[in-house]
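All chains, full assembly: derive it from the sequences and hints.
Reminder that position 496 of the sequence shown reads as 496 in full-length UniProt numbering, one-by-one numbering, no gaps.
Derived from the structure by calculation, the hints contain no laboratory data.
Every value quoted in this text rests on a predicted model; they were computed, and no experiment measured them.
One thing to keep in mind: the hints can contain errors.
As a list, the in silico DMTMM-like pairs of lysine to aspartate or glutamate whose alpha-carbon atoms are at most 25 Å apart [unchecked claim]:
{"#": "1", "residue 1": "241", "residue 2": "474"}
{"#": "2", "residue 1": "249", "residue 2": "474"}
{"#": "3", "residue 1": "279", "residue 2": "523"}
{"#": "4", "residue 1": "456", "residue 2": "382"}
{"#": "5", "residue 1": "456", "residue 2": "480"}
{"#": "6", "residue 1": "127", "residue 2": "382"}
{"#": "7", "residue 1": "375", "residue 2": "474"}
{"#": "8", "residue 1": "318", "residue 2": "382"}
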Amino acid sequence: MSHSGVNWTALTVFLLFFVLVTVMGFLASRWRKADNALHLDEWGLGGRSFGTWVTWFLLGGDLYTAYTFVAVPALVYGAGAAGFFAVPYTIIAYPLVFLFLPRLWSVSRVHGYVTPADFVRGRYGSKPLSLVVALTGILATMPYIALQLVGIQAVLDVLGVGGGADSNWFVKDLPLFLAFAVLAAYTYSSGLRAPALIAFVKDTLVYLVIIVAVIYIPMRLGGYGAIFDSAAQKFSAPGSKGALITGPKAQWGYATLAFGSALALFMYPHSVTGVLASKSRNTVRRNMAIMPAYSLMLGLLALLGFMAIAAGVGTGVKGFNPQLSVPQLFENMFPDWFTGVAFAAIGIGALVPAAIMSIAAANLFTRNIYKEYLKPTATPADETKVAKLASLLVKVGALAFVLLMDKQFAINLQLLGGIWILQTFVSIVGGLFTRWFHRWALLAGWAAGMVYGTWKAYGIATPATKHFGGSSAEIPGIGEIGYIGLTAFVLNILVTVVLTLVLRAGKVADSADETSPSDYTAEAPPQPKVTDAPEAPEPVAAH
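Rendered as structure tokens:
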């Protein structure tokens, strides 16, 4: 049912779940208590101690976010079949990353690497290359965090919380401030353990809501046949920009976007953080085998866009925001109490990835900027302290982004972030298999990909924005429309290979590689047996 004011029943259920995960967030610091809480491994990687199921929930909470919950069905609602690109891209991603993530885990465990930029620094002995990988990761993560807050805001808008458009800005955004403050507080105190614990609640709610939605909503709308008929009518109407089935002209764009997104998925710092928190190499491999269960959920989630069309969500509303299509669908279709459960799934689905993303960005800043350039003598305790403060600053920046800038700009920048983060693939994944690429060639290839990708994206205009209006443009030499990030990635590889050949021919010196071949296949260090007799303690001086 629809409400003109606040939906108090839904809001009460939403708040109960929010309080539950807040308490869990603060209690998480006592879960799997750290051996040394002042070490960045403990705060930023959960002590590298998470087993298969904790890692599965953590990565699921990390990669399938509130924005996914809102944006994928919104894209299907507005553009039709093109919105389903998210399903093949996640299917492609896991077999792909199965090839290299165990190698990244092993070498990081042997050398104590916390970030991908740490590995790049150790492998190539290049501070500039490590710095650009770190900065690219931070830049790509910031708008992603902002979009999690956009997801919470969409739910609050439909709940009717925060006053109307005529309220002053502080009253209107007060609920978002409170959600942000809670997130900041428990991330600061508990580190990665907080989102790891909360992810259990988040993923259980998401699965519950989607399974109920794909059974219950079609029963109310006359079945899937009626739903697809409604979508077909909408997309066949004069002036419609979408399509129920992807046409020949859109196929290059669909395929390149799916493949480019698959390559980029585990280049994001928050994805790597979840992987490095695993306790063993086999834990990583098992997770890459069972993560596709989330892809099934994603396919069902995308169908909600067609259901919103069939339910008449946004019909006759001038300037309706497609981002509200799923929250509005839930409020129209579900009883109020279950609407609260669904909104809690979206809200908590924002908090988990936002926490992991801010931790990942803080790790990058601390390890690869602060310790590398500002204070090389920093102790592990110094690193942890700086990382905690940096995670707060990252979240403040994301909140300012949401409050001060147009939401469409946040979406556009997130698309740009995907193009950017893909340009780190050659340095990271290439380095896991070969030392042949020259560090200066990798830096030049990264720069070429970044400049080309940003330039092409800047030139895309839509009715809503003059620049950065999309991520697809004509592929040079082919003439088809394709994903800019993948074109930039190909340019990146070409520049890197050609320059490496030139630099190797010119015998330009390379830096030292601190890794060895055995590091890339190393298993978890053996745990001490509890049955062993303890050695006699050495005398300790009184303090």
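Going through the hints against the structure:
1. 241 to 474: Satisfied, since the Cα-Cα distance of roughly 19 Å is no more than 25 Å.
2. 249 to 474: 12 Å, holds
3. 279 to 523: Distance of about 10 Å is within 25 Å: holds.
4. 456 to 382: 41 Å, violated
5. 456 to 480: OK: residue 456 and residue 480 at ~15 Å, within 25 Å.
6. 127 to 382: Satisfied, since the Cα-Cα distance of roughly 21 Å is no more than 25 Å.
7. 375 to 474: 45 Å, violated
8. 318 to 382: 53 Å, violated
In summary, the structure is inconsistent with hints 4, 7 and 8 from the numbered list given earlier, while agreeing with the others.
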